[in-house]
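Undergrad: Residue-level listing of the chains:
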Amino acid sequence: DQQVKQNSPSLSVQEGRISILNCDYTNSMFDYFLWYKKYPAEGPTFLISISSIKDKNEDGRFTVFLNKSAKHLSLHIVPSQPGDSAVYFCAASRYYTGANSKLTFGKGITLSVRP
Amino acid sequence: DAGVIQSPRHEVTEMGQEVTLRCKPISGHDYLFWYRQTMMRGLELLIYFNNNVPIDDSGMPEDRFSAKMPNASFSTLKIQPSEPRDSAVYFCASRHSWGILNTEAFFGQGTRLTVV
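Residue numbers (the working numbering), protein chains in the order written: chain A, 1 to 115; chain B, 1001 to 1116.
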């Protein structure tokens, strides 16, 4: 049972345009969400996060939006650059420590940014 | 800090052999996670530890898999006996908690396991 879903396996965008990567979750106990980027032959690296007390978090070209009622979050990359080409994983966790502090990942989306 | 260190980077072994993957988490981190990445299932959580104690091993596929964390700076994931379907990239990750708050996890570079 996939509790974190990234339904689109791939996305291709033109350099300079916006990339929008979507993620849905089913477990209403999740209240902390993260995006990771992964290049081939490397481990995933943390990109940006958001807790459920916010609906938007911005860091440079990267913005994450959270819609709690729809159990949906999205990552916006503006403007997209060829170096952004990678696999992007959405992950979810509890914000507070204690029981169920595990980090659950989606299957990932392969982003290709065309020059 | 050198980050999360995994060894070996690559492992090729014959079916039936024992395989041991190793991980050194970032110093001071109190959570350690083992993940497996495959094309079909993406990043699956196998097991995680908090303060060296296994908390949730529900993702461990079967009894052939075992994990230990004898101290705060070392963990192993063992597969005995190994099978071709165990071929995957295995990642170790660690995170710390700021008081009662969880934070992001940091990953090692992974071990690519091939069982022939």
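Bear in mind the hints are in silico, worked out from the structure with no lab data behind them.
Cβ atoms here follow ideal geometry from the backbone N, Cα and C, with glycine treated the same way.
You may find that some hints are simply not true.
Listed next, the stretches of chain A that the computed footprint assigns to chain B, with coverage defined by at least 3 CB atoms under 8 Å from CB atoms of chain B [claimed, not checked]:
hint, region
1, 39-46
2, 104-115
Residues of chain B clear of chain A, computed beta-carbon distances all greater than 12 Å [to be verified]:
hint, residue
3, ARG1009
4, GLU1018
5, PRO1070
6, SER1073
7, THR1076
8, LYS1078
9, TRP1098
10, PHE1106
11, GLY1110
Undergrad: Take the hints in turn and mark each one as holding or not.
TA: Evaluated hints:
no.	hint	verdict
1	39-46	holds (count 6)
2	104-115	holds (count 5)
3	ARG1009	9 Å, violated
4	GLU1018	24 Å, holds
5	PRO1070	21 Å, holds
6	SER1073	18 Å, holds
7	THR1076	18 Å, holds
8	LYS1078	21 Å, holds
9	TRP1098	9 Å, violated
10	PHE1106	7 Å, violated
11	GLY1110	5 Å, violated
In this structure, the hints that do not hold are numbers 3, 9, 10, 11, in rising order.
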